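As a plain string of letters, each chain reads:
Protein chains: 2
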Amino acid sequence: MATIKVLGYPLSTATRLVLCCLEEKQVDYELVVVDAAAGAHKQPQYLALNPFGLVPTIQDGDLTLFESRAIVKYLAKKYKGQGTELFGNSLSEEALVEQWCEVEGQSYNSPALTILSQILFVPKKGGTTDEALVEMNVEKLVKVLDIYEERLSKSKYLAGDFFSLADLQHLPTTHYLVTDCGKGDLISSRKHVKAWWEDISCRPAWKKVSEKGP
Amino acid sequence: MATIKVLGYPLSTATRLVLCCLEEKQVDYELVVVDAAAGAHKQPQYLALNPFGLVPTIQDGDLTLFESRAIVKYLAKKYKGQGTELFGNSLSEEALVEQWCEVEGQSYNSPALTILSQILFVPKKGGTTDEALVEMNVEKLVKVLDIYEERLSKSKYLAGDFFSLADLQHLPTTHYLVTDCGKGDLISSRKHVKAWWEDISCRPAWKKVSEKGP
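Protein sequence lines, in the order shown, are assigned to chains A and B.
Residue 48 in the UniProt record's numbering sits at position 48 of the first sequence, and the numbers go up by one each step.
Residue 164 in the UniProt record's numbering sits at position 164 of the second sequence, and the numbers go up by one each step.
Hints may contain errors.
Covered stretches of chain A (in silico footprint by chain B; criterion: 3 or more residues with CB under 8 angstroms from a CB of chain B, positions within the stretch not fixed) [said to hold, decoys possible]:
| no. | segment |
| --- | --- |
| 1 | 24-33 |
| 2 | 151-165 |
| 3 | 175-184 |
Pair by pair, the computed Cβ-Cβ distance ranges are [unchecked claim]:
| no. | chain 1 | residue 1 | chain 2 | residue 2 | range |
| --- | --- | --- | --- | --- | --- |
| 4 | A | Lys140 | B | Lys125 | 16 to 26 angstroms |
| 5 | B | Leu120 | A | Glu139 | 24 to 34 angstroms |
| 6 | A | Gln82 | B | Pro44 | 39 to 49 angstroms |
| 7 | B | Asp35 | A | Ala132 | 29 to 39 angstroms |
Calculated lysine-lysine pairs in the DSSO-like style (CA-CA distance at most 27 angstroms, straight line) [unchecked claim]:
| no. | chain 1 | residue 1 | chain 2 | residue 2 |
| --- | --- | --- | --- | --- |
| 8 | A | Lys77 | B | Lys140 |
| 9 | A | Lys125 | A | Lys183 |
| 10 | A | Lys125 | B | Lys140 |
| 11 | A | Lys125 | A | Lys143 |
| 12 | B | Lys191 | B | Lys154 |
| 13 | B | Lys124 | B | Lys156 |
| 14 | B | Lys194 | A | Lys140 |
| 15 | B | Lys80 | A | Lys80 |
Derived by calculation from the structure, the hints in this document are not laboratory data.
If you're wondering where the values come from, they're calculated on a predicted model, not measured in any experiment.
Backbone N, C-alpha and C define an ideal beta-carbon position, used for all residues, glycine too.
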C-alpha cells in the first residue's frame with residue numbers, strides 16, 4: 001500500500017489536525033512541506049490539487065482529498081481497528097462525534113482563528129492587532145466554552161466518555177490560544193474545560209505534532 | 001420504531017436541510033414547530049435539548065441530536081439502502097462527499113447566510129441592509145462559485161456523478177439567494193452551476209419542503 005502523502009505546512013492548524021490524526025491512528029505518512037509562508041499554496045501546481053489554495057491536501061493512491069475535517073473522518077474510517085478509535089463504536093456515538101465536530105467547525109473555529117490571526121499573524125505582516133475585534137471574538141468563544149463546561153461536567157470528552165475526532169479538532173487552535181496568544185484563562189477558568197484540555201493536550205500524538213518546529 | 005421528531009422552524013435553512021434529507025430518504029417524521037420568530041428556540045425547554053439555541057434538533061428514540069450537517073449524515077447512514085443514497089457507495093466516494101460538505105460549511109454557507117440576513121432579515125427587524133457587507137460577501141461567493149463551475153464541468157454533481165449530501169446542503173441557502181434576494185445571476189451566469197442548480201432544485205423532495213409555507 002502506498003504511503004499517504006500530506007501536502008501541508010507544519011505550523012498550520014489544519015495541517016496539524018491531519019498529522020495528529022495520522023499519529024493517533026499509527027499510520028505511516030510522508031509530509032511534503034508546502035511553504036505557505038512563501039505563498040506556495042497559491043501556486044498553480046498546488047491549486048491543481050486544491051483549488052481553494054488551503055493546506056493541507058492528502059494523496060492516498062488515486063484519491064486526492066482536501067478540507068482537514070473531511071480528511072480526518074476519512075482516516076478514522078479507513079483505519080478503523082488500528083490505533084485510537086476516533087469515531088465512536090455505534091451509529092449513535094458516531095452521530096454525537098459528528099455533532100461536536102460541527103460545533104467546532106461552525107461555532108468554535110471562526111472566533112478562535114480570528115483571535116490567532118489578529119494576535120499572531122497581523123503583527124508579523126507589519127499590521128496592528130484590532131483589539132476590538134479580538135474582544136468581540138473572545139466574547140463569542142466565552143459563550144461556546146460555557147456550553148462546553150456544562151457538557152464536560154457530564155461526560156469526560158465532548159461526544160461522550162471516549163476521546164474522538166471532536167476533541168481532536170480543538171487541539172490545534174486551542175494550543176495557539178493557550179501557548180502563544182495569552183488566552184489560557186479562557187480554558188483554566190473553567191474547571192471541566194481545564195481538566196479536558198490537560199487531558200487531551202498531553203496525548204503523545206499531539207505532543208509529537210505540536211513540538212515539531214517549522 | 002418511533003417516528004423521528006424534528007424540532008424546527010419551517011423557514012430556517014438548517015431545518016429545511018434536515019426535512020429535505022428525510023424526504024429524500026423516505027423516512028416518516030413528525031415536525032414539531034419551534035417558533036423561532038417568537039424566540040422559542042431561546043427558551044429553557046428548547047435550550048435543554050440544544051444549548052446553542054439553534055434549530056433544528058431531532059429526537060430519534062433515546063438520541064437527541066443537533067447541528068443540521070451532523071443530522072443529515074446520521075440519517076444518510078442509518079437509512080442506507082432506503083430512498084436516495086446520499087453518501088456515495090465507497091470509502092473514496094464518502095470522502096469526496098465529506099470534502100464538499102465541508103466546503104459548503106466552511107466557504108459557502110457563511111457568505112450566503114450573511115447576504116440572506118442582510119437582504120431578508122435585517123429590514124424585517126426595522127434595520128437597513130448594509131450594502132457594502134452584501135457586496136463583500138457576494139465577492140466571496142463569486143470566488144467559491146468559480147471553483148464550483150470548474151468542478152461541475154468535470155462531474156455532474158459536486159462529489160462526483162451522483163447526487164449527495166454535498167449538493168443537498170446547498171439547497172436551502174441558494175434557494176433564498178435565487179428566489180428572494182435577487183442574486184440568481186450568481187447561479188445563472190455560470191453554465192455548469194446553472195445546469196446543476198436546475199437539476200437539484202427540481203428534485204421532488206426539495207420542492208415539497210421549499211413549497212411549504214410557515
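Outcome of the hint check:
no., hint, verdict
1, 24-33, "violated (count 0)"
2, 151-165, "violated (count 1)"
3, 175-184, "violated (count 0)"
4, A:Lys140 to B:Lys125: 16 to 26 angstroms, "holds (21 angstroms)"
5, B:Leu120 to A:Glu139: 24 to 34 angstroms, "holds (26 angstroms)"
6, A:Gln82 to B:Pro44: 39 to 49 angstroms, "holds (44 angstroms)"
7, B:Asp35 to A:Ala132: 29 to 39 angstroms, "holds (34 angstroms)"
8, A:Lys77 to B:Lys140, "violated (33 angstroms)"
9, A:Lys125 to A:Lys183, "holds (21 angstroms)"
10, A:Lys125 to B:Lys140, "holds (23 angstroms)"
11, A:Lys125 to A:Lys143, "violated (30 angstroms)"
12, B:Lys191 to B:Lys154, "holds (12 angstroms)"
13, B:Lys124 to B:Lys156, "violated (37 angstroms)"
14, B:Lys194 to A:Lys140, "violated (37 angstroms)"
15, B:Lys80 to A:Lys80, "holds (20 angstroms)"
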